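Participant: Listed below, chain by chain, are the residues.
Number of protein chains: 4
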Amino acid sequence: MALVVHKYGGTSVADAERIRSVADYIGRARRRGDDVVVAVSAMGKTTDELERLASDVSTSRPGREMDLLLSSGERISMALLTMALTDIGVPAVSFTGSQAGIITDTAHQRARILDIKGDRVREALAEGRVVVVAGFQGVSLAKDVTTLGRGGTDTTAVALAASLGADLCEMYTDVSGVFSADPRVVPAARRIPHLSWEELLEMCAAGCPKPDVRAAEFARTHQVRMEIRSSFTWEPGTRVGPEEEVMEQAIVSAVVHEVGEAKITVTGVADRVGVAGSLFTALAEHDVNVDMIVQNVSTDGRTDISFTVPSRDLAVALETSRSLQDDIGATSVIGDADIAKVSVIGAGMKTNPGVAATVFSTMAAERANIEMISTSPIRISVVVRQDDAERSVIALHRAFGLG
Amino acid sequence: MALVVHKYGGTSVADAERIRSVADYIGRARRRGDDVVVAVSAMGKTTDELERLASDVSTSRPGREMDLLLSSGERISMALLTMALTDIGVPAVSFTGSQAGIITDTAHQRARILDIKGDRVREALAEGRVVVVAGFQGVSLAKDVTTLGRGGTDTTAVALAASLGADLCEMYTDVSGVFSADPRVVPAARRIPHLSWEELLEMCAAGCPKPDVRAAEFARTHQVRMEIRSSFTWEPGTRVGPEEEVMEQAIVSAVVHEVGEAKITVTGVADRVGVAGSLFTALAEHDVNVDMIVQNVSTDGRTDISFTVPSRDLAVALETSRSLQDDIGATSVIGDADIAKVSVIGAGMKTNPGVAATVFSTMAAERANIEMISTSPIRISVVVRQDDAERSVIALHRAFGLG
Amino acid sequence: MALVVHKYGGTSVADAERIRSVADYIGRARRRGDDVVVAVSAMGKTTDELERLASDVSTSRPGREMDLLLSSGERISMALLTMALTDIGVPAVSFTGSQAGIITDTAHQRARILDIKGDRVREALAEGRVVVVAGFQGVSLAKDVTTLGRGGTDTTAVALAASLGADLCEMYTDVSGVFSADPRVVPAARRIPHLSWEELLEMCAAGCPKPDVRAAEFARTHQVRMEIRSSFTWEPGTRVGPEEEVMEQAIVSAVVHEVGEAKITVTGVADRVGVAGSLFTALAEHDVNVDMIVQNVSTDGRTDISFTVPSRDLAVALETSRSLQDDIGATSVIGDADIAKVSVIGAGMKTNPGVAATVFSTMAAERANIEMISTSPIRISVVVRQDDAERSVIALHRAFGLG
Amino acid sequence: MALVVHKYGGTSVADAERIRSVADYIGRARRRGDDVVVAVSAMGKTTDELERLASDVSTSRPGREMDLLLSSGERISMALLTMALTDIGVPAVSFTGSQAGIITDTAHQRARILDIKGDRVREALAEGRVVVVAGFQGVSLAKDVTTLGRGGTDTTAVALAASLGADLCEMYTDVSGVFSADPRVVPAARRIPHLSWEELLEMCAAGCPKPDVRAAEFARTHQVRMEIRSSFTWEPGTRVGPEEEVMEQAIVSAVVHEVGEAKITVTGVADRVGVAGSLFTALAEHDVNVDMIVQNVSTDGRTDISFTVPSRDLAVALETSRSLQDDIGATSVIGDADIAKVSVIGAGMKTNPGVAATVFSTMAAERANIEMISTSPIRISVVVRQDDAERSVIALHRAFGLG
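Residue numbers (our numbering), protein chains in the order written: chain A, 1 to 403; chain B, 1001 to 1403; chain C, 2001 to 2403; chain D, 3001 to 3403.
Hints listed in this document are in silico derivations from the structure and should not be mistaken for laboratory results.
The structure presented is a predicted model; accordingly, all values stated were derived computationally and were not measured.
Glycine included, C-beta positions come from ideal geometry on N, C-alpha and C.
Hints should not be assumed to be uniformly reliable.
[Stated by the list, open to error] FRET-style restraints, in silico, Cβ to Cβ:
1) 3259(D) x 1115(B): 44 to 54 Å
2) 3386(D) x 365(A): 55 to 65 Å
3) 2356(C) x 1361(B): 54 to 64 Å
4) 115(A) x 3370(D): 55 to 65 Å
5) 1003(B) x 2106(C): 58 to 68 Å
6) 1315(B) x 2017(C): 43 to 53 Å
7) 184(A) x 3056(D): 39 to 49 Å
8) 3122(D) x 2059(C): 26 to 36 Å
9) 3122(D) x 184(A): 50 to 60 Å
10) 91(A) x 1244(B): 55 to 65 Å
11) 327(A) x 2059(C): 34 to 44 Å
[Stated by the list, open to error] Simulated coverage check for chain A against chain D, where a stretch passes if three residues somewhere in it have a Cβ under 8 Å from a Cβ of chain D:
12) 1 to 15
13) 163 to 176
14) 224 to 238
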């Protein structure tokens, strides 16, 4: 008798047929004896369509109204899934984010969960019901409806699992798990059966599309066991949990690449206290997410700073950096959108010092010039020319014996 | 400085372009000095689509979930319209039915408004805001979201107008007013500039499609002045108010016909107390809406009862009547779907005794056999063969000099 | 026994209910003895959605594929309407633009009709069928599907009417006719019962939204009688035909305004042959539609040229003009988006010399400064500040006794 | 340098994002040197929506118009995919079924392909283009557009592959291959790496949902190698080809079950020539697809015949059978919808005589009563109570060591 949180994404509930299929599957879990709480996304591309409508009627898009609007999609899928469950004889009840007690801060469209008062959820579970919670939404301290931003239903699911002390959080989506590389680039890529929380988090941060990185972080912090699974085939997926349980510990678990970033290099910066601080503070104030940062050793009291940002932020980041150019005494600010980031991730790296050497020699053999390097205990990321990225991924995947 | 309630139906807010157009129009009313409260329907056919989705996943369609589902459409249009208003500099705020204090009974999908606690609406008006209220919905005494049934936004609008003491309730829709007959049938039909509340109510009950009959009744009871107008052309429409204000009082204002009804005749019924009562009680218990009822004079202690019901209820009504056949001593129960109801309506009929005679002689000249007759002080309705209906409408429209 | 072409726009066939309603109406026309050819648009906003999908997958949007894509919407509505007609016992047949023999040039997305080989249409009419033709499309001399651009179904309808020698072309839409002014601005505006072809064309060119200006031009050239009507109320609309038939000839029929234009002024241009030619040739090459052009009298061999363009073309027009600034010896190029065009239109103006005086004195009384003037025999247009436009329209509508 | 046909189903091209993703993937195949022909379905649920619209406007649904309507969906996706390919620099051209030379018979909505005149396809391939063909449609000998029925794009793809002599037909869909059992029922079910054509055909006929059974039959007849793959993960899927290539030949490859069938038993039938013939001829004339048929040994010149039909045909099949009851001298006709069919499939069964024994003893151990049996050289199917089906599938999957 386990307590399991299921999360169903938009493609999993895209139409009536899929919703009935999900209800049937939840019914099976219930009959096997699981207590089930469901976090459900809006149907298909509903949220995108609502965003589009909002942009079509408004340039200002006021936060309170936006969140009232965007949260509608999950109310619809929540009600439909609950009706489908009831219809096949599975007692079920729906709760909006507010009714489920998901309390957030007041930052509309990117609210953070502060607390989950899950009393009504627990009561309904005790009555033997499946509880269907609208994902992606909560209620702010100011009593307004809020939404959690893109991928928010992943966060809802993991937060509910943590709050309820669930045994497992099953993330149902349109892919069958997490892969050792993008199968489009590396046809030999394999689904990874087990990952540690740290590995998943590093992979998400390195560009792996699912689940959402905030959910991965939440899962690691609160030690929520997850499984990434397909709601199309329902086959076993990728389990995520403590490192010690990951069997057949590989040195490297996956090679991940990301082409949606751009590099900015600020040259000849005065090498004095506070320079980097003022630069990155200004970027943060313009909502630019800086990823990798590299600073060279100073020569003659001057240094170069390179960093990467999402491509869509490149223009803002360049403008912001150039507006500070004089203040920080830089000689130039150069943008470069033609880059890619390639990352090698594996919990086994911690105890295997040769990984970096293998990465660099493999890249060298592919004549892929490394422009930036960033590491964590279980990750090595390099920035290369975009043209070199896929070749590097294929070579690294082979070099680490991943398939 | 008037307080005006605007109601916008689904086609009036069917897409982003229409929503912007409605916002622009509300902004004009505001600049002319009106205080404006808006009741808005779901976009286009959203409610139908949600109903369909519900039917596709569920045969039981539980009430609480249905109303959570169906009420989503108005949340979306409400948020979008409020955003569109804000975007063009018109201060506005949105309220769901619950936030607007629309209290209903607990009959899901056909709730009745019990009270409107309009405090938040009044406060927002006092702050100079346009108040956008989601139509079609309220909150029940059991704190659940309820919906008011088809045409519910009309009721929301009129109820808000009554509760707030509004000077006028403008019903914006896709037609430019109420016509003296269906222009498809009578090309010479004219838009009626003024109607009394009683006339409008009789017309709605006689088959005129807009506004919803419950709203017409609410308007009459609470003396809410209305205007039925087009949100496509924005031209002046049909004003509805006290009878004494209707200028150029015509004897007959309109000829309305309805083909969606069927007739049931129960013959040879025992002419004793309670027979009709038990029949119509049984029909009511099966949710059959009986419209006209005619009972012939008794012959030999036996009589015939004829009544009309909506065509879609014919099967149920026949079955119910037949199940009582023995109890009420009837010799037969006969259904007839091939009928039409033709009604002549006019406040001036009260003081013009010759109207009925004109109706009957006109029908006779058209060789249209009258099968049932029902009258009110301002209406004469007759049931004829469906084939005779449109010819009769044309002849009556001419006979009463309507065009 | 007349031959009538019906045109139904997108809102007229927006959903299944509307399509059935249109079929019912066509059936009535057929039963009254009319031969009916129908030109039908895509349902609702289908074309916009297809355009959006195209933009979402492609920046280049190749013409042949675009027209294959965009023409799908009318195939769908055409098939559905034909099925609805067949279903109620009205013999009908559908033809795509190609099957109807609508031959165009090869300019994808804005093709021009060169010829209509209506043999199959005539044969089907002779067999007693209603002919449903997909609007907005044809087949090019290169045998590719083409589309006629926005409002193309209006052109299809009028071209079919001309080619078939139809007695009337009825344009069904969501408005009930052409108005003497925008009723949002002038609540006293009236529907105009009759217009001459010339008046309608001037009104369309001056900013009146329906019908499409190309269709209005086609109708005038080929002397196609039209009626603009509502498919929501089906009431009589605005008839368009020869000037001599327009009864109760008013001096002025309508006041039309347009806010979607911008003004460009090129100052100090060298007053020599060919200067204006090179400027407007360059604008045409950049697909900028120039509307009004005014050139001042030369002073010292130098002059100013002002012209208006659609607001969306302002940036391109400014850039183009500035690139020629040196060549044409201009001292400055100034853009101004804050203008509006107000036009007074009436066939009676030709024989009433005082109209211009009334326009100018009315504007002066409103303190609306006139910045540009353009006239035709039956139209006077002036450019004013946007803030002055609506006040001017109201005053002019009153000054000419329009309501 | 292989010639590969790709097939993309509705979920694979459900929105602009997916279409761009598919285009990117095709571009990769092209860059690897493959010649690519694509058969593409309508986006998402487009075909269902068009069917629904048709039913909403028409009960008769005339064939020619239906196929004009239904074929629109593939025209849209075909044009969009071609535009997306062009946009990323991959030369591509689109062809409708008619343009691709897919000739069918005249049976609207379930046409059969008679011939593929692929000249234009071959020319375009020779020019180095990717050829995108609208799936599901062709042109009849009567020059009308036809559609191939549900799953028709699978048939289009396989028929194109056969006609062009393609090396492989890759079927991209939302599942990652064919499984040894439904993973919802048997969590240990595994994806099958290789299947023979015969096995796939038996599995499709036994209830496995993808690909379409007609396509499987076409592939076997024309020896078209296929691979069933996911367009969400792009991981390797299930390859289908000659039996001799299937490595690690298992005795049993899969256990398939089907709950959508019903059983009819006709008892006491006169045991004479022609009785069964007249019964099944009558059923065929009513478009009832009979699946399994079992006839008992005659007792006293009388016998019982049992057969299964799709549940949706049960009412028609019962009525048809009962109308013949007297003619064929039957004592009763009994319908039973509460059944399920369980099938065990494997090419290795041919040389392993003990499979049937294992099936029966496994079912017996589960106390699942076998009501009907049907076999082929590589399949054993049994009919059981619906309640016994899933338990039987689990037990059989284990008994044959499938996971």
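Participant: Check the structure against each numbered hint from earlier and tell me which ones fail, lowest number first.
Facilitator: 6 and 9
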